[in-house]
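Q: The residues making up each chain are set out below.
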Amino acid sequence: MAQEFFYDAQIRRFITQFMRIVSNLQVEFGKTNTGAVALQRVPVYYGDSSRQVASILKNNSENMLSAVPAMAVYVYALQYDRERVQDPFLVSKVRIRERMYDPVTGNYLHEQGDLVTVDRPMPVPYKLTLKLDVWTSSTEQKLQLLEQLMILFNPALEIQSSDNYVDWASLTYVLLTDTSWSSRSVPVNAEEPIDIATMTFEIPIWISAPVAVKQFGVIKKIIASLYDSEGNLNIDILDNGRLISRQYFTPLNYGVLYSGNELILVKPEEIDNRRGGKYGTDDSWPALIDVYGGNFKNGISQIRLTTPAGYEVVGTAALHPTDKTRLLYTPFADTMPANTLNPVNAIIDPETVTVDSNILSPAAGTQYLILGDIGSYDNAQPSVAWPTSSGDNFVARANDIIKYINGEWTVAFDSLAAANVIEYVTNLNTGVQYRWHNSEWAKSVEGVYREGEWSLVL
Amino acid sequence: MPRLSLWKDGTHSNDYKFFDRRISEMFTLGGTGILIHKYLGVEGEVLADATPTKPAYDAVSELNIQDLLFLENRDRKYDTSIYVSRGIYQVQDNSFDLSQFGLFIQTGTLFMVFHINDMVQLIGRKLINGDVLELQHLLDYNSLDDSVPVALKRFFVVSDAQFASEGFSPTWWPHLWRVKLNPMTASQEYKDILNNISSDPLDPNAAPVGDYLSTLNKYLKINDAVITQAEFDVPRSGYDSSVLYTKAVVPDGRPADPPGTGAVDGNVITADSTLSTADQQAVTSTAKVSGYGGGDGLAPNGLPVGNGIIFPTNANIGDYFLRLDYLPNRLFRFDGTRWNKVEDVTRTGLTPGAGNQTQLGSFINNDRTWTDASGQTRTERTSLSKALKPKADN
Chain A
1 MAQEFFYDAQ IRRFITQFMR IVSNLQVEFG KTNTGAVALQ RVPVYYGDSS
51 RQVASILKNN SENMLSAVPA MAVYVYALQY DRERVQDPFL VSKVRIRERM
101 YDPVTGNYLH EQGDLVTVDR PMPVPYKLTL KLDVWTSSTE QKLQLLEQLM
151 ILFNPALEIQ SSDNYVDWAS LTYVLLTDTS WSSRSVPVNA EEPIDIATMT
201 FEIPIWISAP VAVKQFGVIK KIIASLYDSE GNLNIDILDN GRLISRQYFT
251 PLNYGVLYSG NELILVKPEE IDNRRGGKYG TDDSWPALID VYGGNFKNGI
301 SQIRLTTPAG YEVVGTAALH PTDKTRLLYT PFADTMPANT LNPVNAIIDP
351 ETVTVDSNIL SPAAGTQYLI LGDIGSYDNA QPSVAWPTSS GDNFVARAND
401 IIKYINGEWT VAFDSLAAAN VIEYVTNLNT GVQYRWHNSE WAKSVEGVYR
451 EGEWSLVL
Chain B
1 MPRLSLWKDG THSNDYKFFD RRISEMFTLG GTGILIHKYL GVEGEVLADA
51 TPTKPAYDAV SELNIQDLLF LENRDRKYDT SIYVSRGIYQ VQDNSFDLSQ
101 FGLFIQTGTL FMVFHINDMV QLIGRKLING DVLELQHLLD YNSLDDSVPV
151 ALKRFFVVSD AQFASEGFSP TWWPHLWRVK LNPMTASQEY KDILNNISSD
201 PLDPNAAPVG DYLSTLNKYL KINDAVITQA EFDVPRSGYD SSVLYTKAVV
251 PDGRPADPPG TGAVDGNVIT ADSTLSTADQ QAVTSTAKVS GYGGGDGLAP
301 NGLPVGNGII FPTNANIGDY FLRLDYLPNR LFRFDGTRWN KVEDVTRTGL
351 TPGAGNQTQL GSFINNDRTW TDASGQTRTE RTSLSKALKP KADN
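Protein chains in written order, with our numbering: chain A, 1 to 458; chain B, 1 to 394.
Treat the hints as calculated values from the structure; they're not laboratory data.
Hints are supplied without guarantee of correctness; some may be wrong.
Unchecked claim - Below, a list of computed lysine-lysine pairs in the DSSO-like style, where the Cα atoms sit at most 27 Å apart: (1) B:LYS218 - A:LYS31; (2) A:LYS214 - A:LYS297; (3) B:LYS288 - A:LYS31; (4) B:LYS221 - A:LYS31; (5) B:LYS8 - A:LYS31; (6) B:LYS54 - B:LYS391; (7) B:LYS288 - A:LYS93; (8) B:LYS391 - A:LYS93; (9) A:LYS324 - A:LYS267; (10) B:LYS247 - A:LYS31; (11) A:LYS214 - B:LYS77; (12) A:LYS297 - B:LYS218; (13) A:LYS131 - B:LYS54; (14) A:LYS214 - B:LYS8; (15) A:LYS31 - B:LYS389; (16) B:LYS54 - A:LYS31; (17) B:LYS288 - A:LYS324; (18) B:LYS8 - B:LYS126.
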């Protein structure tokens, strides 16, 4: 199978630009009818024309007169330039935000379009040698042309083959390396009626393979300090428990606060500074989304939250209709962490709960998460509200889960004993899931997610 | 009886005259028609511009030399009358030469002989270098380009002239003048011929024949096409970042809302706005993506730009304005209090000419003038050797 064809006319474009450099020069061409000096523009064309085209230009007639003066450009040499070799395996990456283009109107808009990455393989250095023949009919005419040409190269003249922002092979320079005064010998004999001065130019150019223009958005975060001082892969990269030496870098290093069904941008170092003591910032979600490349779609674009336990909660996001500092968030249920404990029927405060049949004679298997302590081993008599079959005091601590079984309350989850574990449980009364972590209950996935712990999928 | 001798002590004898008439007859019988454009000389410079090496002459003369340094006659004058003569030469096959210099020239050098006395009688002198001959029998009626309204004439220039060796009769007197002919070029030297022969004698507005015979116009069109391509590839120096999106930020560095977001878009915030956070809501960028070669004066993201020599008084926060009185022109952005520089317009056209405002180009393409103390208009652009050169102080 043949290799895919590519051709970017790179040398052709340099020749074109070189011909432009030496174009539009004029010489004195006698006098006008009013006696003023007449000027004539000197044509520049490629010297190594095909015989057939040359014949066409001559109208297929010997009688056409060659115009003098004229200048011809042609390639004299093209050599690999070993002195300019750089890392042949380098691939340079450039991230570019494009403006939105409307293919219907054919206009660029003010909004952001695609966010792309351009991968540029190292181009190959070459030295292009061009010759410029200057054909004149008199010495004075030759001097007029040479004087206009020679001031251009001091010591060199910049040349570009394109004005593309990412074309790193487009810019180079032209060096005048040699000038041959005349094709004739002095004294001039009558055999050669024309006189040609030849100027030699060198252009260090780069020839590039095709680049790759890719949609940007793969890198969501960067973790620094990959290697330790001995050059080995840092163990912290692989060990989630060793977070202290990690650094995360995300666009503008925003975190998010997940509360209720909303996400608010936070700067962890300034959490309570800019909202009157409340958590979060006044910073705009549309502005940040624009940094990520725009193209946000309400109800389709996703936010992914990485919980401390390593779960990734995925949900759809939508811009708040009136408050651009808030993002509405709907997590997918099947991405929520799985319960590790049986669900509780409610969360109650033992000191204020109404003592009724839900307490005194609930269905077997009823579970409550309690917010305060129940009972004490020092009590002289057991509590009426929390009877036990043995008649002993029923004792439970705040954050425990109690369970009614066999006609008495027991502790199903001992928060003191489970201080160092992570548990998940759902409150059947509200449908909210809670997480037991660091000796406290909190909504399972709500809270602050620092940079690197959340990501935006547009 | 005197000894027989065809040489008569330096006089043109009857034998000579006999031979000469017979030879002249041969030209009448077998020669080809030649139209002679007689070289008259050069006019020289007008007196005010004359220099010792480029003198002025009282009259046009073949003896005049236009450039006494390089010994050249560039602005040649030719007789408006055309002399009809006869010449003889050996027709030969010419080959076209696509020379190493890439210039398409022909090597059709001819050697032609003329009858000396007829020639002198006709044009008043022998043919000299610089005379132009038109060979009538080589008129080409079949140009490849059908739009050419005239048959293509064939011109040669005398590049050498001397007595022809075969033109000496037994009297030892020469009868023939041999000229070496090279193809004429459409150059300054023959402008007087090519510009003065009309392509249609009946039409006073017809283009001169040189417009059809010269390759100049064709090559200029080719050159123009190359320049157009070059300008398409690189319209201006530097890099075009106009299609790149520039993210706007508020003054403390946080990202600003993009255009089209909620109430911010279209909510004009004026300089006298009472909103303390007005500038934080501005949606234009304070900077642009710029590459090597500088700016182009366009606002980021294609936003509108005003221009003029004074700032507008009713500017809104985030407005852009291009000051044309700055050199180079400078793009500003209004932040509610002052106009901040965004960039200088340093991208320029690269085609040599008025649009080229590179540093060097601004010296070459400088047509500015000024009025001096004496009220005279002076041009800024001056040759170095003539700058502030003292005038005649009478």
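Q: For every hint, state whether the structure bears it out.
A: Quick rundown of the hints versus the structure:
1. B:LYS218 - A:LYS31: Since the Cα atoms of B:LYS218 and A:LYS31 sit roughly 23 Å apart, the hinted pair holds (cutoff 27 Å).
2. A:LYS214 - A:LYS297: 21 Å, holds
3. B:LYS288 - A:LYS31: This hinted pair is violated, its Cα atoms lying about 51 Å apart.
4. B:LYS221 - A:LYS31: Answer holds: B:LYS221 to A:LYS31 is near 24 Å, not above 27 Å.
5. B:LYS8 - A:LYS31: 52 Å, violated
6. B:LYS54 - B:LYS391: 20 Å, holds
7. B:LYS288 - A:LYS93: Cα-Cα ~20 Å, so holds.
8. B:LYS391 - A:LYS93: Not satisfied, since the Cα-Cα distance of roughly 63 Å exceeds 27 Å.
9. A:LYS324 - A:LYS267: OK: A:LYS324 and A:LYS267 at ~17 Å, within 27 Å.
10. B:LYS247 - A:LYS31: 59 Å, violated
11. A:LYS214 - B:LYS77: Not OK: A:LYS214 and B:LYS77 at ~68 Å, beyond 27 Å, violated.
12. A:LYS297 - B:LYS218: Judged against 27 Å, a Cα distance of about 58 Å means the pair is violated.
13. A:LYS131 - B:LYS54: Cα-Cα ~33 Å, so violated.
14. A:LYS214 - B:LYS8: 100 Å, violated
15. A:LYS31 - B:LYS389: 26 Å, holds
16. B:LYS54 - A:LYS31: Roughly 15 Å between the alpha carbons, so the hint for B:LYS54 and A:LYS31 holds.
17. B:LYS288 - A:LYS324: 26 Å, holds
18. B:LYS8 - B:LYS126: Holds. B:LYS8 to B:LYS126 sits at ~24 Å (cutoff 27 Å).
In summary, the numbered hints that this structure violates are 3, 5, 8, 10, 11, 12, 13, 14.
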